[in-house]
Every structure is written in C-alpha cells, then in structure tokens.
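Trainee: So the sequence shown is numbered by UniProt numbering: it starts at 1 and just counts up by one.
Calculated directly from the structure, the hints in this document are not laboratory data.
Check each hint, because a few of them may be wrong.
Claimed, not checked - 20 Å max Cα-Cα, derived DMTMM-like pairs, lysine to aspartate or glutamate:
{"no.": "1", "residue 1": "K88", "residue 2": "D20"}
{"no.": "2", "residue 1": "K164", "residue 2": "D177"}
{"no.": "3", "residue 1": "K192", "residue 2": "E29"}
{"no.": "4", "residue 1": "K11", "residue 2": "E26"}
{"no.": "5", "residue 1": "K88", "residue 2": "D44"}
{"no.": "6", "residue 1": "K209", "residue 2": "D19"}
{"no.": "7", "residue 1": "K48", "residue 2": "E29"}
{"no.": "8", "residue 1": "K11", "residue 2": "D58"}
{"no.": "9", "residue 1": "K164", "residue 2": "E130"}
{"no.": "10", "residue 1": "K88", "residue 2": "E53"}
{"no.": "11", "residue 1": "K192", "residue 2": "D31"}
{"no.": "12", "residue 1": "K192", "residue 2": "E130"}
{"no.": "13", "residue 1": "K27", "residue 2": "D44"}
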Amino acid sequence: MKILSMSTATKNLSVALNDDSRIIAEKNEYDARNHSAHLDPLIDQILKEHNLELAEIDRFAVAIGPGSYTGLRIGVTTAKVFASILNKDVVGVSTLQALASSCNEQATLIVAGIDARNNNYFAGAYINKENGNVPVCVVPDGHYHIDTLLSAISEYYAANNLEKVIYVGTGFEKQEDAIRKTNIPFSFGTEKQNVVHAGLIGKLALNAKPDDPDQLLPNYLRRTQAEIDWHKKTGEAYKPDSNYVEEV
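Could you build the full structure based on these sequences and the hints that come with them?
Mentor: Printed below as a string of structure tokens:
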C-alpha cells in the first residue's frame with residue numbers, strides 16, 4: 001500500500017511516501033513559515049522523484065492535531081480534498097502519537113508535547129507494548145498546565161513497572177527543574193525525535209481504520225481565541241467546528 005502522509009501541525013513541515021511500513025522518502029522543511037505555499041511543491045517533488053501520479057496513492061494520512069490552528073487546517077484540508085476527489089482512504093493521526101512513535105524504548109513512559117506557552121502544553125503520554133508497533137496512549141492527549149501534566153505522569157509511573165520517562169516535543173527543557181522534582185529518571189528527546197515526521201505518520205496510518213473525509217476535522221484540544229471571543233460576544237453555546245466556521 002502506497003501512503004502519502006503529511007504534517008503541517010507545527011512550524012516544521014513534513015511530507016513522506018511509504019510503501020506499507022517502509023518509508024521510501026521523506027522531505028522536511030524546518031522552521032517553515034508558510035505551509036500553504038510549500039506543502040503542494042513538496043508533495044509534487046516526492047511524486048516526481050518516484051515516478052508516481054497522485055492517483056496511484058492508495059491512502060492519505062495527516063497529522064490532525066494538536067498544533068497550529070492554521071497549520072492543521074492546511075494539512076487536513078489537503079488530505080481531505082485528495083481523498084474525496086480520488087476516492088481514496090484518508091487517516092487522521094494524532095500529532096502527539098506521531099511524536100511518541102519516534103521512541104522505540106520499552107518500559108518507558110513517552111511524554112509527547114507541544115509548548116502552548118505560559119507553562120501549558122498540548123501533551124499526552126504513551127508506552128510501547130512488547131511486540132507492538134503503535135504507541136499506546138495512557139495519559140490522554142489534552143491541554144495541560146505543567147503541574148497537572150507532571151502529576152498525571154507521576155501517578156501513572158508509580159502504578160506501573162517502568163524504568164524512566166522520556167520527554168519529546170517542544171518546550172520541555174525549560175521545565176527541567178519541575179521535572180526533576182518528580183524524582184523519576186528521565187531524559188529529553190533528541191533533535192530528530194522532537195520533530196513530527198510524516199514517515200512515522202504513514203506507519204501509524206497503515207493499519208488504522210480510514211476516516212470519512214467529510215467528517216475528518218482538526219483536533220485542536222482547546223477552543224480557538226476566535227471561538228472564545230464569539231461565545232463571549234453572542235452568548236451562544238459552542239458549536240461543532242464546521243458550524244462555527246460557516247457562521248463566521
């Protein structure tokens with residue numbers, strides 16, 4: 001199965017081509033500032049370099065969040081359009097699960113996170129099951145203050161036979177003092193592990209159940225500021241993302 005995967009969830013743009021679980025090619029633009037302008041050219045480069053047409057792709061995969069609100073919409077919309085027009089499968093993958101899948105350690109709690117500022121993180125914790133190739137979420141993806149996150153990590157660690165915790169993603173190094181106070185052996189991810197890789201998204205999507213392209217939406221994990229402002233202004237209850245966008 002040929003899988004074209006992409007991540008526009010963070011400032012790093014990533015596109016990959018997988019053949020089943022094998023990563024054939026991956027292209028990354030680090031610290032990219034305009035995903036809407038760069039995503040299609042990267043996809044085109046990968047296809048041309050491997051003599052493929054877009055119609056020959058069997059499945060599309062995309063990081064659905066958390067991440068940049070604008071970035072997520074670009075990637076999710078692109079994958080949805082490709083799948084709908086070509087009548088192909090599409091799979092949405094958690095950005096945090098993709099980060100966690102860069103770590104192969106056993107008996108390790110993998111905390112994947114994205115700095116959300118003011119000591120808050122989009123984060124979740126995962127473990128690798130023995131003989132499994134998909135990290136299992138054990139602390140749900142969410143929007144956490146660092147104190148709440150570390151409390152959840154400590155609780156899970158204490159209740160399970162684990163050796164250490166590894167933190168992957170962005171912004172954890174500045175919390176080193178708070179992390180040390182948990183008295184749990186830990187390490188930080190490498191530069192490569194701290195970036196979302198589309199090739200790993202493709203691997204996660206291989207055996208996942210396809211999504212309905214019409215129902216696939218970004219998973220922001222918190223309200224956008226525009227939604228909050230709209231709610232304050234109108235007093236109306238929060239609506240599904242699609243309804244909100246239509247009304248605005």
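Trainee: Kindly indicate which numbered hints from before are broken by the structure, ordering the numbers from low to high.
Mentor: 8 and 12
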